[in-house]
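Could you build all of it, start to finish, from the sequences and the hints given here?
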Amino acid sequence: MSKDSQMRAAINQKLIETGERERLKELLRAKLVECGWKDQLKAHCKDVIKEKGLEHVTVEDLVTEVTPKGRALVPDSVKKELLHRIRAFLAQHATL
Amino acid sequence: MKMEEVSMSSLDNSKLEGLAQDILSDLVEDACLGLCFEVHRAVKQGYFFLDDTDQESMRDFEIVDQPGLDVFGQVYNQWKNKECVCPNCNRSIAASRFAPHLEKCLGMGRNSSRIANRRIVTGNNTNNKSESDQEDNDDVNDNDWSYGAEKKAKKRKPDKVLLISSTTITILWSITLFLF
Numbered sequence: 001m002s003k004d005s006q007m008r009a010a011i012n013q014k015l016i017e018t019g020e021r022e023r024l025k026e027l028l029r030a031k032l033v034e035c036g037w038k039d040q041l042k043a044h045c046k047d048v049i050k051e052k053g054l055e056h057v058t059v060e061d062l063v064t065e066v067t068p069k070g071r072a073l074v075p076d077s078v079k080k081e082l083l084h085r086i087r088a089f090l091a092q093h094a095t096l
Numbered sequence: 001m002k003m004e005e006v007s008m009s010s011l012d013n014s015k016l017e018g019l020a021q022d023i024l025s026d027l028v029e030d031a032c033l034g035l036c037f038e039v040h041r042a043v044k045q046g047y048f049f050l051d052d053t054d055q056e057s058m059r060d061f062e063i064v065d066q067p068g069l070d071v072f073g074q075v076y077n078q079w080k081n082k083e084c085v086c087p088n089c090n091r092s093i094a095a096s097r098f099a100p101h102l103e104k105c106l107g108m109g110r111n112s113s114r115i116a117n118r119r120i121v122t123g124n125n126t127n128n129k130s131e132s133d134q135e136d137n138d139d140v141n142d143n144d145w146s147y148g149a150e151k152k153a154k155k156r157k158p159d160k161v162l163l164i165s166s167t168t169i170t171i172l173w174s175i176t177l178f179l180f
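Keeping their order, the protein sequence lines are chains G and W. In terms of the UniProt record's numbering, the first sequence opens at residue 1 and continues consecutively. In terms of the UniProt record's numbering, the second sequence opens at residue 1 and continues consecutively.
Simulated from the structure, these hints should not be mistaken for laboratory data. This one's a predicted model, so the numbers in the text were calculated from it and none came from an experiment. Treat the hints with care, as some may be off.
Pairs of lysine to aspartate or glutamate, DMTMM-like flavour, derived with a Cα cap of 20 Å [claimed, not checked]:
(1) LYS52/G <-> ASP52/W
(2) LYS79/G <-> ASP30/W
(3) LYS69/G <-> ASP22/W
(4) LYS44/W <-> ASP61/G
(5) LYS69/G <-> GLU17/W
(6) LYS14/G <-> ASP22/W
(7) LYS31/G <-> GLU38/W
(8) LYS14/G <-> GLU17/W
(9) LYS38/G <-> ASP26/W
(10) LYS14/G <-> ASP4/G
(11) LYS44/W <-> ASP4/G
(12) LYS31/G <-> ASP30/W
(13) LYS52/G <-> GLU38/W
Spelled out as structure tokens, the structure:
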């Protein structure tokens, strides 16, 4: 298992070093805006804020309310594309 | 390094797949957190609800989606069937053709003065005498860009040149006389 975690750490390091993680992040952000995920989630945030009260809302509130819904709302096409790129990266760098 | 190589090459596809899923899930979580921070800042700085208006104005300015109306609710082909009477020739003209007709009828537009110039240049005086008379009158009234003004400008130039050259000649002649 420690080999596994070692390997994961190495891969993550490679992701950051080559700048691929940043690129993937930007790609994901752009795709999510395009497909309307951001607007959907923002509308959900509005509801949460109206519920909790504008003055008293905290980051933790938003995170606990919004993150699970956010994960669920990501469309499959976006997930597929990101996974495709990640797999390509792994195939390229997992042999190093 | 070598040990890592061995461990990586002996990985199943399922492990790699699991890894890819984990990476994706990290990225999605980053995106969610980013949105939360953005929204929280907007709430605390007070600009989160800035683009909303109250319900009543939203209803007033809602987009209109009926046939025959544009998005503001105005009728857009209202003037299609109306007819106007031309003050010059007293004919009844359709509204959308009214402006070009007026241009030609009064002889004041760009095209009509071009046509008039062409006719004068090709010497069609006998055929269109009455029309050219009318156009001459109009040209006298149009100060800026009519053929009459051009004629005047053109004639002035040769006069000036003539004047200058004659003065020079007179001066030279008088000098010559004076010297001898």
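The hints, checked one at a time:
Taken as a hint, the LYS52/G and ASP52/W pair is honoured in the structure, with Cα atoms around 19 Å apart against an allowance of 20 Å. For the given pair, LYS79/G sits about 14 Å from ASP30/W by alpha-carbon distance, which is consistent with the 20 Å threshold. Only pairs whose Cα atoms come within 20 Å are accepted, and LYS69/G paired with ASP22/W is accepted, the gap being roughly 18 Å. Straight-line distance between C-alpha atoms of LYS44/W and ASP61/G comes to about 14 Å, which keeps the hinted pair within the 20 Å bound.
Between LYS69/G and GLU17/W the CA atoms are separated by roughly 24 Å; this puts the pair beyond 20 Å, and the hint is violated. About 15 Å separates the Cα atoms of LYS14/G and ASP22/W, which keeps this hinted pair within 20 Å; it holds. Distance hint between LYS31/G and GLU38/W is fulfilled; the C-alpha atoms sit about 18 Å from each other, no more than 20 Å. Note on LYS14/G and GLU17/W: the hinted pairing holds, with a Cα-Cα distance of about 17 Å set against a maximum of 20 Å.
Proximity of LYS38/G to ASP26/W is assessed by CA-CA distance (about 17 Å); at most 20 Å being required, the pair is judged to hold. A C-alpha spacing of about 15 Å is found between LYS14/G and ASP4/G, which places the hinted pair at or below 20 Å, so the restraint holds. Simply put, LYS44/W and ASP4/G have alpha-carbon atoms about 43 Å apart, too far for the 20 Å limit, and the pair is violated. For the given pair, LYS31/G sits about 14 Å from ASP30/W by alpha-carbon distance, which is consistent with the 20 Å threshold.
Restraint check: the Cα-Cα separation between LYS52/G and GLU38/W comes to about 17 Å, which is no more than 20 Å; the hinted pair holds.
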